[in-house]
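Construct the complete structure from the given sequences, taking the supplied hints into account.
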Amino acid sequence: MRYILRSRLKSSIFLLLFISATYFITQLITHVNDTVFLLYIDNKIPLISEFIWIYHSLVPIMAFVLIRCVQSKRLFITSYLSIVIVIGILGILYVLIPAAYPRPDITNTDISSILLKLTYELDGSNNTFPSAHVALSLICVLTFINCKICNNNLCKIFAWIWFLSISASTLLLKQHHIVDVFAGAIVALGIFLFIHKNSYLKSLNLLKQ
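If you use the working numbering, the sequence shown corresponds to residues 1 to 209, in order.
Hints were generated in silico from the structure; no laboratory data involved.
Cβ coordinates follow ideal geometry from the N, Cα and C atoms, glycine included.
Some hints here could point you the wrong way.
[Unchecked claim] Now the in silico label distances, taken between C-beta atoms and shown as ranges:
1) N198 to L122: 34 to 40 angstroms
2) F14 to Y40: 40 to 46 angstroms
3) N151 to P104: 38 to 44 angstroms
4) N151 to Q27: 37 to 43 angstroms
[Claimed, not checked] As a list, the in silico SDA-like pairs of lysine to any residue whose alpha-carbon atoms are at most 25 angstroms apart:
5) K117 to G91
6) K148 to S72
7) K156 to N146
8) K44 to Y55
9) K197 to G88
10) K117 to T107
Okay, structure coming up:
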């Protein structure tokens, strides 16, 4: 059991480094673009800085699910490959379609606003389409609800509430457009289901239980 945990921990650290490297590389090679998928309804969504705490819950919860919750090798590989492929696809799209979101000025001095302002400074606004937060949180939920630990409907409901909260946070923090949210969910769902049902990967015993 300890060997499995150590192996999962190493794999998760590598995954985090891969995600971070891909993100910062795309930030370096993309240019500021005037492409904006801003809809009328996007302008009606208020800025609520308190959602920054939900927004930043993605990494610790994703790590917890991969390291502590997943027991099946098949489910772990499915989730792991899904994340790697999705991040690769998003990286390509960020370069080809460097869509931007016009960010508001943050003037409040409460801790949530300070954290949001810092997030704006670290996270460039030219990589909005599709939303990586939505894509990764959906893969996380699809993984978690298939874990043995999530064996009742209440657990699954809480998981989906968290996913919807993450999705809402990307809009309420003015990080993403509505189009970005749906695009991220579609990419993640398509890749996860493709890998989960891929007979070729099963023949290689990569998805063996």
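Checked hints:
1. N198 to L122: 34 to 40 angstroms: Holds: the Cβ-Cβ distance is about 36 angstroms, inside 34 to 40 angstroms.
2. F14 to Y40: 40 to 46 angstroms: Given a distance of about 42 angstroms, which is inside 40 to 46 angstroms, the answer is holds.
3. N151 to P104: 38 to 44 angstroms: With a Cβ separation near 43 angstroms, N151 and P104 satisfy 38 to 44 angstroms, so the hint holds.
4. N151 to Q27: 37 to 43 angstroms: 41 angstroms, holds
5. K117 to G91: 24 angstroms, holds
6. K148 to S72: 9 angstroms, holds
7. K156 to N146: Status holds; Cα separation ~9 angstroms.
8. K44 to Y55: 20 angstroms, holds
9. K197 to G88: 20 angstroms, holds
10. K117 to T107: 9 angstroms, holds
In summary, the structure agrees with every hint in the numbered list given earlier.
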